[in-house]
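Student: Listed here are the chains, written in short residue letters.
Number of protein chains: 2
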Amino acid sequence: MRDLIPIQTIKRLPLYLRYLNELLESGKKSISSQEIAQSLEVKCSLVRKDLSYFGEFGRKGVGYDIKLLISKLREILHLNRTWRVAICGVGKIGQALMLYPGLKKEGFEIVAAFDNDKDKIGKKIGNLVVNDIKDLSKILEEKKVEIAVISVPKESAKEVANLLVKSGIRAILNFAPCHFNLPKKVKVSYVDLTAKLMQLVYYLR
Amino acid sequence: MRDLIPIQTIKRLPLYLRYLNELLESGKKSISSQEIAQSLEVKCSLVRKDLSYFGEFGRKGVGYDIKLLISKLREILHLNRTWRVAICGVGKIGQALMLYPGLKKEGFEIVAAFDNDKDKIGKKIGNLVVNDIKDLSKILEEKKVEIAVISVPKESAKEVANLLVKSGIRAILNFAPCHFNLPKKVKVSYVDLTAKLMQLVYYLR
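Protein chains in written order, with the working numbering: chain F, -16 to 188; chain U, -16 to 188.
What the hints contain is simulated information worked out from the structure, not anything from laboratory work. All of these numbers come straight from a predicted model, not from anything done at the bench. A couple of the hints might just be wrong.
No copy labels: a pair is met if it fits in one copy or bridges any two.
[What the hints assert, rightly or not] Here are the simulated lysine to aspartate or glutamate pairs, EDC-like style, with alpha carbons at most 20 Å apart:
(1) Lys12 x Asp118
(2) Lys26 x Glu39
(3) Lys126 x Glu92
(4) Lys141 x Asp48
(5) Lys107 x Glu39
(6) Lys75 x Asp102
(7) Lys87 x Glu58
(8) Lys179 x Glu24
(9) Lys87 x Glu142
(10) Lys87 x Asp175
(11) Lys141 x Asp102
(12) Lys87 x Asp118
(13) Lys75 x Asp175
(14) Lys106 x Glu142
(15) Lys55 x Glu125
(16) Lys32 x Asp102
(17) Lys(-6) x Glu58
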């Protein structure tokens, strides 16, 4: 079944999750698909369809139990365990991630950080000492890293991506403004800030 | 016509643009929709459809002239002028944007930065002095800011968003992990790093 779930649905699930967490914190107990749809500016039929891929856990007239829905979504998204993350490139973006407490709360633990800058190697950021990128493969294996973040400049991004794939990494979050051509088994998610600004500008007439 | 262009198309155009710029830099002159599709992992029919919204500028057998396609895309995306951007929240993410040369190259000029931290107010980052967020409205008007970036912690994000809307801002790029309910005339683009990691994890079975 899972292969049939559209990628757009998978992209929306974390947004539902974040929104439901906010509601739970504010003391709300249940919610209708209409409310989710309105708040997140998604079509109501789409919200219902997205959630229906994973079984019928809403009730007519009552809506969804928020706690139950959160636990279902976390299960679907494989968040009922901790994922081990490495940061490649300890510039401002890399450091922001290393110091952001929200990641660990959601189940992402940064267990290694790498750079090629001698001034950064050996320094402590948060609880982690920055490693030499030369030791990437060895340390990724030692620390059982599953996800890598690329936050190096554009010029070295492709080289780092290839190194990661060679070291067995199957999931990459890339901040560098370039596209990789990697084997299909490797999943890459791109964070392209310039592209985001361009999309905004399109609507500013 | 422009209102009929699907949002998913608008989201892909900046990616085409980035890829074409890379090709141009590497000396390539023309490209087929197949090549774009393969490199960016988008269906070929979709690439052709996306580009056809803006007129017929590919030629059978020859493909697209890269320079022409870039100039068309920049025109469509309103990038043939400079856009004036303000950074709200000069933490690591805000600083990363202020120091990133790629933004100006693509037509986004950061003209103001704000924080509420006394240690940051008055300090120079890049070419800009950080302003007190209390002066937000006044300075946004003075500097004719069109786009605002929210890079403050989650706790103050909604307050800053409301202030921006009151000050007349119509386009917001938000890094805080929360959703805003703002008037429809305001366009918000969300950068949610935890959500991106969650999407990746879904595919790591």
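Student: Checking against the hints above, which ones are violated?
Tutor: 1, 4, 5, 9, 11, 12, 14, 15, 16
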